[in-house]
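Letter by letter, the chains look like this.
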Amino acid sequence: MRAEMNESRQIFRHGATLSPTCRTVQLPAARFPVYAWNGLTKGTNLNAGIVFRAEGIGKSYPGVRANDDVSFDVREGEIHALLGENGAGKSTLVKMIYGLVQPDDGRMELMGQPHRPSDPRAARAAGVAMVFQHFSLFDALTVAENIALGMENPPPRRDLAARITQVSTEFGLPLNPARRIVTLSAGERQRVEIIRCLLQNPKLLIMDEPTSVLTPQETELLFATLRTLAGQGRAILYISHKLEEIRSHCDRATILRGGRVVDSCDPRAHSARELAAMMVGGQMREIDRTGRSAGTVLLDLRGLTMAASSAEGTSLKDVSLSVRAGEILGIGGVAGNGQEELLAALSGESLSAPGSVTLEGRDLSRAGPEARREAGLLAAPEDRLGHAAVPDFSLSENTLLTAGGRKGLVRHGMIDRPAARRYAEAVIANFDVRTPGPGTAARALSGGNLQKFVIGREVLQAPRVLVVNQPTWGVDAGAAAAVRQSLLDLARAGAGVIVISQDLDELLELSDRFCALNEGRLSAPRPTEGLSLDEIGLMLGGAHGMEAAQA
Amino acid sequence: MIRLVPRTETAPVWQVATPILAVLATMIAGGLLFAVMGYDPLAAIRTIFWDPLFGQAAAYSRPQLLVKAGPLILIASGLAVGFRAGIWNIGAEGQYIIGGLCGAGVALAAYPGEHWWLFPAMIAAGAAGGWAWGMIPALLRNSFGASEILVSLMLVYVAERCAAWMAFGPMKNPEGFGFPGSRNLQQYPSAANPELIAGTGAHWGVFAAALAVLATWVLMSRHIRGLHIRAAGLAPRAARFAGVRPEALVAFCLGLSGALAGMAGLFEVAGPAGQITDSFGSGYGFTAIIVAFLGRLNPFGILLAGLLLALTYIGGELAQLTMQLPAATVQVFQGMLLFFLLGFDLLTRFRVERRITA
Amino acid sequence: MIDLTTLIPALLIAATPILYAALGELVVERAGVLNLGVEGMMIVGALAGFAAAVATGSPAMGFVAAAAAGAAVSMVFALLTQFLLANQVASGLALTLFGLGLAALFGKSYEGVKAPAMMAGPMGLNWMVWIGFVAVAAIWFFLNRTRPGLILRGVGENHDAAHGLGHPVRRVRIAAIAFGGAMAGIGGAFISIAIVLQWTEGMTAGAGWIALAIVVFSNWTAPGVLAGAWLFGGVTALQLRLQAAGVAVPVQLLSMAPYLATIIVLTLISARQKFSRRAGLGAPGSLGQNFHALR
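In order, the protein sequences belong to chains H, S and A.
Just so we're aligned, residue 1 is where the first sequence starts under our numbering, counting upward by one.
Just so we're aligned, residue 1001 is where the second sequence starts under our numbering, counting upward by one.
Just so we're aligned, residue 2001 is where the third sequence starts under our numbering, counting upward by one.
I should point out that these hints are in silico values taken from the structure, not numbers from a laboratory.
Built from N, CA and C at the ideal position, the CB exists for glycine as well.
Possibly wrong hints are sitting among the right ones.
To be verified - Calculated Cβ distances over 12 Å to all of chain A for the following chain H residues: (1) Gly56; (2) Gly99; (3) Ser118; (4) Ala122; (5) Ala125; (6) Glu152; (7) Thr225; (8) Lys317; (9) Ala335; (10) Ala367; (11) Arg422.
Stated by the list, open to error - Straight-line C-alpha distance at most 20 Å; calculated SDA-like pairs for lysine to any residue: (12) Lys2274(A) / Asn1142(S); (13) Lys2108(A) / Leu1321(S); (14) Lys2274(A) / Leu1321(S).
Unchecked claim - Which chain A residues stay away from chain S? Per the calculated CB distances, all over 10 Å, these: (15) Leu2036; (16) Ala2086; (17) Trp2130; (18) Gly2164; (19) Ile2263.
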C-alpha cells in the first residue's frame, strides 16, 4: 500500500494538477500517516486538463425545472464538490452525466469530446463511473458477480477475481470476491461500488452522498482513497450536503440551489455557515434548546435481547437504557447496527421478554403497537413512505394509522372520518406541511413535508415518550430545523424523546445524553456536553474493516 | 414518445370508467373472435348481453341472473377483502366444494327427518367447511411460509376429488339406481333452498350475497380493521406499525373468504344444483376472481360485476342453444375481460403523457 | 407388486411435462417475474402441439408449434406486466383462465382424434425426455456461467440497480417470459402428444400449478427443479400403479396424491427457507415487483 502511495505522489509531482488552494487535508496524522498531503502542491497548473465541462445544461420534468442553465467544469486531479439541498437538482445533474437521463438543453464535454451518453453503458465507455447513494448492488450475488455486472467486457471469472483482490488491496480496501453482498457491512458494500468503478479506469468518478452510511473513521478512509485517485490524475465529482466534510476535503465547490448554479468557490475559504447560507439562500434558523430539565424516569429498557427477524437483520443484545421526562437521548450508529430493530422493539412491532420494556412502571414488553400508543409510548420510523405512512393513503387516512385511539378518531372500531380530517388539518397547520389538503396522497408530498407530517402526527398526540429514527434523513434544511425544534419543544413540555440517527451533528445538536448502537449492542450513555467527534467515532465501534486498513 | 406519470391523487372518473372500457373492449375483441370463427358478431353479442334480459326467452332466463350472480357475488365479496390485503386466495372453488359437501353432509345425515333447525345448521356447516378449507393455506403460510396461492389452488384439485369420491361413495343416493350423485336436496323440504320470491330466482344465497356486500362495505370503508386491511395490501410495514398482526390478518382473510365460498357452495347444493355430483365444482370460485377485479375490489362494484358475469353465463348458454356457439366461449370471454381490465387499470394509476422529443 | 423397471420410465415420463414448465418458470422467476399463467400456457401448448402434430404427422413439429404458441400467449402477460404495469399475480391468473378457455374453444374439433406415433429415443423413451435433461444442464450453465445469465439474475435480484448500470430490464424480462411460455408450451404438448396421445379438455389438470410449486421447491436452481419434477413424477407413477393394482382405496382419493404431495413438499421447503439463517438463499429479490423507470 505504501508503495502505491509513493507512486501516486510521483504522478502528483510530475505536473498533475490540483487547484492551488488545495493544501490542507486535515487527517489525524497518527492514524493515517501516508495521507499527509501538506506541501504536495508544488507545480500544480491551473490551465491543465479540464476533464468535464457542462455548459448551460437544462432539464425539465412535468411541473419542475430540475436544472436550469447549469455550467461548471471539473479538472484533472481535483475533488470537486457539488453542494446543494435535497431537491436542488444535484441528482438530476449527475444522472445526465451518467446517461440515466438526457438533458433538454446545453452541452457537455468529456476530455474535450462532446459528451451526450444515451445510457450508462455509453457513459462508462466514455470514462465516467458513478457510486450511487443507495448502492446499486445485488444482494444475493457475489462481489465478483456484482463487479462483472458493472463492466462492459469483464474478463473471465478467475482473472476478474484476481484483479479485484489486487486492486482492492492496492487501495487499502480489501475485498473477498467470492463473498455475497448480504454478508457485507455498509462500508464494505461501498468498497464494492468503488472497486467496480476503478476497474473501469474512469476519467471522472462521481460519488453521490457516499458518506451517509459511514462512520467518521470510514469517512476518513474514503477521502484518503479519493485523494489517491485524484493524485492519479482522475477527476472526482463529489455530491453532498455535509458542509464540514466538503470544507475539509474538497478542492472546489459548485453550489446548486433550485436547479441553478448559485456559486462556485473554494469551500475552505468559507465558513460552514456561509456555505449553508449559499445552499439554502437565506439565514439558518436558530435552534432553541433552553428551558428543559430532566425529571423522573419515564421509559426503562432492561436487558432487551431480541433475535433478528430476517437473515439480513441485526439482533439486539442486552440493550438497557432509560429516558427521563424533559430529556432527549441520542442514539448514534451506522445504518444496519440494530436501529430498525430497536425502533420496532419500542413501537411494539416486535415483542420482547417480559419486563424488558417499562413505561412509567408499566410493563409494555408484551403489548402491541396499539396498546403502547394508548399507554403513551409513540414512535416514528425512519422510512416515511411505506412504514410511517401508507403512500397511497390520503393524509387523513394516514392519521388513522397511529392517532385513532389517543385522538378519538376511532370509536368502537368505527372510523370518524370528519374527525380524522380535522386532525390531519391540525397537523398540517401546526407543522407547516405544504400540501393542497388532507385529501392528498402521502406519496405526493416531498420528503421534508411528509416528514413534518409524520412527526407532527405523533407530537400532537402528546406522547409520554416519543421515539424517532432518522428524523431528518433526506429532508431539506428548513424542514429539518422545524422537525428538530418540534422535538425540543416536546421535551420542554415534559415528554421523553429518543432520537436514533446516523447524523452525528444532529445528535450533538439535540441530545442531552448520547449512546452508540453497534452490532446490536448499546454503549453506556455519556453526556453530550463536551463530547468530541473522535470520541464518538470510537464509541461507534471504530467501524468495519478498519484494522485491515490500518495494517 | 409516450410516457407514464404516476398520479398523485386518485382518479375517481377512471375508477369507474376502466371497467366499462374493459367490457366494451371485450365486446369488440369477442366480436372479432366470433367473426373469425364464422359467426355473426353482432348477433352473438346481442344473444349474450341482450337476449337473456329482453329477448324472447327472457321469462325463463331473467331469474337465472340472480341464481348465477348470487354465488359469484358472495364469493367475490370475501375474495376482495383478501386481495385488498395482498392475500391471494385463489382456491375459492375448493372452499365452495367443501362447503357444499359439509352442508349436504348435515342434510343427508338428518334425512329424512324434518327439523326447523336443519337449514340453519347446514348453513353453519357449509360456512365452517369452507372456513376450515381456507384455514389450511392460512396455517401453512403462517407457520411455514408456504405460498397461499399455490396451496389454496392445489386444494381445489383435492376438493374436486373429494366431491367425486362422495358422489361415487359415501354420499351416493341409495335409491339412485346406481347413478353417481347424492339425494336431491330440493326434494327434502327441511334442507331445500327454494326460490323465495317467485319469478326472481332469489333464494337464500342471493340474500346472503346482498348481506355480504353490505357487511364488507361497512368493514372496508367504515371500520378501522378495513383500513388496516387496505394498509396491509399497500404497505405491509406501515400496517404492522399501525398494529396489524400479519398472521391474524392472513387467518382472517382466508377464513372469511373460505366461509363465504363455503356458504355459496351450500346454497348451491341445497338449491339450484340440488345434489352433490362429481362435477359439483362449476367454476364459480374462479369466475369470482374476475368478478372481484372487475368490481375493482369494491363491494358495490362487485355487485354490478357479479350481475354482468352472470349475464355472460346465461347469454353463453343461450348462444349455445340458438347459435351453436361452443360452451367455452364464455370462458374465453371472461378471460379476455380480465385481461382488458388489468390493462386499462393503468389509467387509474398513471397519467399517459405524449411528449414530443426533439 | 411394483416393478421398478417399469416404474422408473413411468416416473420419467410423468415428470417431463412438469420439468419443462418448471424450467421455463425458473428462468422467468430468476428474471424477477412471477407468471402464474403456466397452467394456461401449458394447455394452449398442449392443444397447439397436438393440432400441429396431427396436421403434419410429425410430433417434432408439434413441439415446435407448442413452443411458439406458448410463447405467443405469454406475450399477452408480458404486455400487461411489462408495459401496462399490471399486477403480476392477477395477470398470471388471467392468462390461466384465458388459456383454459381458449384451448377448450378451439379443441372441440380435435376430440377423439389420435396423435401420431411418438418419437422413441434410447430405452424406448421419448426423445423429449432426454432433451429435458439437456435443458436442465443448459439452463444451469446459462444462469451460472454466462454473462447474459448473470445479467438476467441481476435484473431479477434488483431491477433498479440493474437499470442503473444500464442493463435493459424490460427487454430481459420479456425474453424470459417468452422463454417460459415456450417451455410451458412444450411441457403441455408432451402431455397431449406423448402421454395421453389425444386431446381432452382441461387435460393439464393442474400441472402448471405444480410446476410453480416445484420452482419454489427447487430454491430457484435448475438441479432442484429436476429433483422436484422427479419427486412429483414418482408420486404420480406410484399412484397410477396402485390404482392399477386395485388397492382398496377409492380411485378419487389415490388421485389426490400428487396434489397433496405438492402441498406437503411446498410446506417443508418453505419452512426450511423461512427458518434458514443462511443469507442469500431463496427467492430473487425483485420477484413479482413491477419495474417502472420514471426518470
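A quick look at each hint next to the structure:
{"no.": "1", "hint": "Gly56", "in the structure": "holds (21 Å)"}
{"no.": "2", "hint": "Gly99", "in the structure": "violated (7 Å)"}
{"no.": "3", "hint": "Ser118", "in the structure": "violated (10 Å)"}
{"no.": "4", "hint": "Ala122", "in the structure": "violated (8 Å)"}
{"no.": "5", "hint": "Ala125", "in the structure": "violated (10 Å)"}
{"no.": "6", "hint": "Glu152", "in the structure": "violated (9 Å)"}
{"no.": "7", "hint": "Thr225", "in the structure": "holds (21 Å)"}
{"no.": "8", "hint": "Lys317", "in the structure": "holds (16 Å)"}
{"no.": "9", "hint": "Ala335", "in the structure": "holds (17 Å)"}
{"no.": "10", "hint": "Ala367", "in the structure": "holds (26 Å)"}
{"no.": "11", "hint": "Arg422", "in the structure": "holds (34 Å)"}
{"no.": "12", "hint": "Lys2274(A) / Asn1142(S)", "in the structure": "holds (11 Å)"}
{"no.": "13", "hint": "Lys2108(A) / Leu1321(S)", "in the structure": "holds (16 Å)"}
{"no.": "14", "hint": "Lys2274(A) / Leu1321(S)", "in the structure": "violated (53 Å)"}
{"no.": "15", "hint": "Leu2036", "in the structure": "violated (7 Å)"}
{"no.": "16", "hint": "Ala2086", "in the structure": "violated (4 Å)"}
{"no.": "17", "hint": "Trp2130", "in the structure": "holds (29 Å)"}
{"no.": "18", "hint": "Gly2164", "in the structure": "holds (19 Å)"}
{"no.": "19", "hint": "Ile2263", "in the structure": "violated (5 Å)"}
Checked against the numbered hints given earlier, the structure breaks hints 2, 3, 4, 5, 6, 14, 15, 16, 19 and satisfies all the rest.
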